[in-house]
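**Q** Sequence:
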Amino acid sequence: MIKTTITETTKKYDKEGHLIEETTRTETTEDNTITFSSYPYGTTQKDWTLTTNVGESL
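Residue numbering for the sequence shown follows the UniProt record's numbering, beginning at 1 and increasing consecutively.
Treat the hints as calculated values from the structure; they're not laboratory data.
These numbers come from a predicted model, not from an experiment.
Possibly wrong hints are sitting among the right ones.
Capping the alpha-carbon separation at 25 Å, the derived lysine to any residue pairs in SDA-like fashion look like this [claimed, not checked]:
1) Lys-11 <-> Thr-24
2) Lys-11 <-> Thr-28
3) Lys-11 <-> Arg-25
4) Lys-12 <-> Thr-23
5) Lys-3 <-> Thr-29
6) Lys-3 <-> Thr-23
7) Lys-11 <-> Glu-27
8) Lys-3 <-> Thr-26
9) Lys-11 <-> Glu-21
10) Lys-12 <-> Glu-27
11) Lys-3 <-> Glu-27
12) Lys-12 <-> Arg-25
13) Lys-3 <-> Thr-24
14) Lys-11 <-> Glu-22
15) Lys-11 <-> Thr-26
16) Lys-11 <-> Thr-23
17) Lys-3 <-> Glu-30
18) Lys-12 <-> Glu-22
19) Lys-12 <-> Thr-26
20) Lys-3 <-> Thr-28
21) Lys-3 <-> Arg-25
22) Lys-3 <-> Asp-31
23) Lys-12 <-> Thr-24
What follows is a set of in silico ranges between Cβ atoms, one per label pair, in the way DEER data are often shown [said to hold, decoys possible]:
24) Glu-22 <-> Ile-2: 26 to 32 Å
25) Thr-7 <-> Asp-31: 14 to 20 Å
26) Asp-31 <-> Glu-8: 18 to 24 Å
27) Thr-29 <-> Thr-9: 14 to 20 Å
28) Asp-31 <-> Lys-11: 29 to 35 Å
29) Glu-8 <-> Glu-30: 17 to 23 Å
30) Lys-3 <-> Thr-24: 16 to 22 Å
31) Arg-25 <-> Ile-2: 16 to 22 Å
Built from N, CA and C at the ideal position, the CB exists for glycine as well.
Build the full structure now, drawing on both the sequences and the hints.
**A** Structure (structure tokens):
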């Protein structure tokens with residue numbers, strides 16, 4: 001079984017660079033597919049983290 005967790009954090013800043021809003025969303029899925037890997041006991045777990053900074057100057 002593969003369990004995938006995605007955490008997305010969105011941060012909004014004003015023109016002076018002060019944080020005005022922060023939103024975090026987490027999504028977890030489980031897949032019943034049997035996989036074979038080199039990980040001990042034949043289990044696989046993937047953790048993904050996506051961070052975006054909206055309104056930040058590049």
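**Q** Give a verdict on every hint.
**A** We went through each hint and held it up to the structure:
1. Lys-11 <-> Thr-24: Status holds; Cα separation ~9 Å.
2. Lys-11 <-> Thr-28: Satisfied, since the Cα-Cα distance of roughly 21 Å is no more than 25 Å.
3. Lys-11 <-> Arg-25: 12 Å, holds
4. Lys-12 <-> Thr-23: Holds. Lys-12 to Thr-23 sits at ~9 Å (cutoff 25 Å).
5. Lys-3 <-> Thr-29: 6 Å, holds
6. Lys-3 <-> Thr-23: 23 Å, holds
7. Lys-11 <-> Glu-27: Distance ~18 Å between Lys-11 and Glu-27 Cα, so the pair holds.
8. Lys-3 <-> Thr-26: 13 Å, holds
9. Lys-11 <-> Glu-21: 6 Å, holds
10. Lys-12 <-> Glu-27: 21 Å, holds
11. Lys-3 <-> Glu-27: The given pair, whose Cα atoms are some 11 Å apart, holds under the 25 Å limit.
12. Lys-12 <-> Arg-25: 15 Å, holds
13. Lys-3 <-> Thr-24: 19 Å, holds
14. Lys-11 <-> Glu-22: Distance ~4 Å between Lys-11 and Glu-22 Cα, so the pair holds.
15. Lys-11 <-> Thr-26: Holds: Lys-11 and Thr-26 sit about 15 Å apart, inside 25 Å.
16. Lys-11 <-> Thr-23: 7 Å, holds
17. Lys-3 <-> Glu-30: Holds. Lys-3 to Glu-30 sits at ~4 Å (cutoff 25 Å).
18. Lys-12 <-> Glu-22: 6 Å, holds
19. Lys-12 <-> Thr-26: Satisfied, since the Cα-Cα distance of roughly 18 Å is no more than 25 Å.
20. Lys-3 <-> Thr-28: Since the Cα atoms of Lys-3 and Thr-28 sit roughly 7 Å apart, the hinted pair holds (cutoff 25 Å).
21. Lys-3 <-> Arg-25: 17 Å, holds
22. Lys-3 <-> Asp-31: Holds, because 6 Å separates the two Cα atoms, which is no more than 25 Å.
23. Lys-12 <-> Thr-24: Roughly 12 Å separates the two Cα atoms, so the pair holds.
24. Glu-22 <-> Ile-2: 26 to 32 Å: Hint holds: Cβ distance 29 Å, inside 26 to 32 Å.
25. Thr-7 <-> Asp-31: 14 to 20 Å: 18 Å, holds
26. Asp-31 <-> Glu-8: 18 to 24 Å: 20 Å, holds
27. Thr-29 <-> Thr-9: 14 to 20 Å: For Thr-29 and Thr-9 the Cβ distance comes to about 19 Å; the hint holds.
28. Asp-31 <-> Lys-11: 29 to 35 Å: 30 Å, holds
29. Glu-8 <-> Glu-30: 17 to 23 Å: 19 Å Cβ-Cβ, so the 17 to 23 Å window holds.
30. Lys-3 <-> Thr-24: 16 to 22 Å: This hint holds: roughly 19 Å between Cβ atoms.
31. Arg-25 <-> Ile-2: 16 to 22 Å: Given a distance of about 20 Å, which is inside 16 to 22 Å, the answer is holds.
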